[in-house]
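Trainee: Chains as they are written, first to last, in this note's numbering: chain Y, 1 to 261; chain Z, 262 to 484.
Please note that the accuracy of each hint is not assured.
[Claimed, not checked] Ranges of calculated distance between the beta carbons of each label pair, as one might list FRET restraints:
1. Y:Asn257 x Z:Val409: 44 to 50 Å
2. Z:Pro306 x Y:Thr16: 38 to 44 Å
3. Y:Ile81 x Z:Val409: 27 to 33 Å
4. Z:Lys396 x Y:Glu147: 32 to 38 Å
5. Y:Ser38 x Z:Leu287: 50 to 56 Å
6. Z:Gly397 x Y:Glu127: 24 to 30 Å
7. Z:Ile381 x Y:Ala185: 16 to 22 Å
[Claimed, not checked] One-sided and incomplete, this derived list gives chain Z residues near chain Y with beta-carbon spacing under 7 Å:
8. Ser303
9. Glu387
10. Val391
11. Gly393
Calculated directly from the structure, the hints in this document are not laboratory data.
Computed from a predicted model, the values in this text were never measured in an experiment.
In this text, a Cβ means the ideal position worked out from N, Cα and C, and glycines have one as well.
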Amino acid sequence: MAILEVRDLKKSFGDTQVLKGVGFAMEKGEVLAIIGSSGSGKTTLLRCLNFLETPDCGIITVNGETLFDSDNRSPHSEGEIRKKRLHFGLVFQSFNLFPQYTVLKNVSLAVELLARERSDYKQNKSEILREIDSSAREIIGRVGLSEKMDAYPFQLSGGQQQRVAIARALALKPEILCFDEPTSALDPELTGEVLKVIRSLKSSDRTMIVVTHEMEFARNVADKVIFMADGQVEEEGTAEEVFERPRSQRTKAFFTNYKKS
Amino acid sequence: MSFQTVTRMLLGGFAENGFIFIMTLLMALPLGLVITFGTMSSIRPVKWLTRTFVWIIRGTPLMLQLFVVMYVPGLLFDIQMPDHMLGVQVNPRMYSALIAFVINYAAYISEIYRGGIESIPKGQYEAGQVLGMTKGQIFFKVVLMQVVKRIIPPLGNEIITLVKDTSLARVIAVQEILWIAEEFSARGVIWPLFYTGVYFLVFCGVLTLLFGYIEKKLNYYRG
Ligand SMILES: Nc1ncnc2c1ncn2[C@@H]1O[C@H](COP(=O)(O)OP(=O)(O)OP(=O)(O)O)[C@@H](O)[C@H]1O
Ligand SMILES: [Mg+2]
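Could you build all of it, start to finish, from the sequences and the hints given here?
Mentor: Below is the structure:
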């Protein structure tokens, strides 16, 4: 069964329709790269998956559970939307770290707040917090920042900040982790370290969607590639299919332009 | 008139200024937040009403507001201000003064709060949202500290202005420090009038140091 299924997703802002019926499916453990020119709706798609925007139309299913269905729009309480969000994680282009907290706290804060809702929280508080702390440290180690545990975001380079943001998203163990151009706010010499971390996260039980302009990365890491144009999936296939043998004229034109620049 | 006597009598007057200062702060700081929520409300009439209110308060002199609070309740509604506060005998005019000061400063402070809240980037809220935080958690755990850091400098400015504004209460015959000093000059002793400046300078100096300290404390992070 597909871990994620998106069907006919539509979204307009005022008069402009940004998503015009996007659909795709993913298997568990897959890495999907979404490429496409500026304004084609990639960010909007990720924001819809993370419930930062409400689609006008469409269905989103995770593991067989329908999270969103425009035909069956029961009024969603804030609490319900929060629960649905936790299926997804999102790493922003601009990091959005919390400036007043250390690296460790940035990573552990949301997990701690969530743990308060556990029924055994009061009884086992200190043990739960200890567990959260050690798993946060472990995750920070995995993105290579053990030395920076107590640093504040302003003391880190852009690449390091983005790695903290990735650790922060990982800490909640989302089923599907989304990245919105994770390296495009970085100096070229810093993109490598972030891409390396993302590549290292690839595993059989972690599903990832990466919106990116790094074609080399998409080609090497993604199991599947989607080329979006004008609010629609213009082309879809394995990395090899899309990069080596694109069928659509628009995809070809996009690659030609990309090589030129 | 000995230096000690003048010092002591001016100090008595300055106690009134200090009283207005403290009471205004205690009430205007929370009331300002209520007004902020009004001006940022998504309910149109609430937003419109509070913004008009803030415009009127900020657009007219505090001195005029003092006169209005002083005379209008009595003239129009035959309301007399009480002559005791918290069980202590006070000049009823102190009530009028406090009402005017609290309303005036709450309006200004509400704009400082609003500026602080609106200056927090949308990405901070969204980061909290995708991490599954509730609205309350986002406000208290993510946004609030950042707002506090940003509003401390303008708030310090406003609070120092309040110290000096308290002397305006003399226009409705609250016997604060300048009132006392003017009584001296009416009797031909002019120097106490200038001497009052020392009181304000010392008080504002202490506040400046205090705010500098808080700003430094909050400087452990940037952004
Ligand atoms: N909140 C919004 N209100 C109005 N228009 C919006 C909003 N968000 C996005 N848009 C518009 O939707 C279109 C698609 O935006 P989107 O950010 O999804 O594109 P993108 O594919 O991520 O582009 P880029 O590669 O530049 O990041 C753009 O034309 C943009 O102006
Ligand atoms: Mg984008």
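Trainee: If a hint holds in the structure, say so; if it does not, say that too.
Mentor: Outcome of the hint check:
1. Y:Asn257 x Z:Val409: 44 to 50 Å: For Z:Val409 against Y:Asn257, whose Cβ atoms are near 48 Å apart, the range 44 to 50 Å holds.
2. Z:Pro306 x Y:Thr16: 38 to 44 Å: 31 Å, violated
3. Y:Ile81 x Z:Val409: 27 to 33 Å: 28 Å, holds
4. Z:Lys396 x Y:Glu147: 32 to 38 Å: 35 Å, holds
5. Y:Ser38 x Z:Leu287: 50 to 56 Å: 53 Å, holds
6. Z:Gly397 x Y:Glu127: 24 to 30 Å: Holds, at about 26 Å.
7. Z:Ile381 x Y:Ala185: 16 to 22 Å: 19 Å Cβ-Cβ, so the 16 to 22 Å window holds.
8. Ser303: Violated - the Cβ of Z:Ser303 stays beyond 7 Å from chain Y, reaching only about 15 Å at its closest.
9. Glu387: With Cβ-Cβ at 6 Å, under 7 Å, it holds.
10. Val391: For Z:Val391, the interface hint holds, since the closest Cβ of chain Y sits about 4 Å away, which is under 7 Å.
11. Gly393: 5 Å, holds
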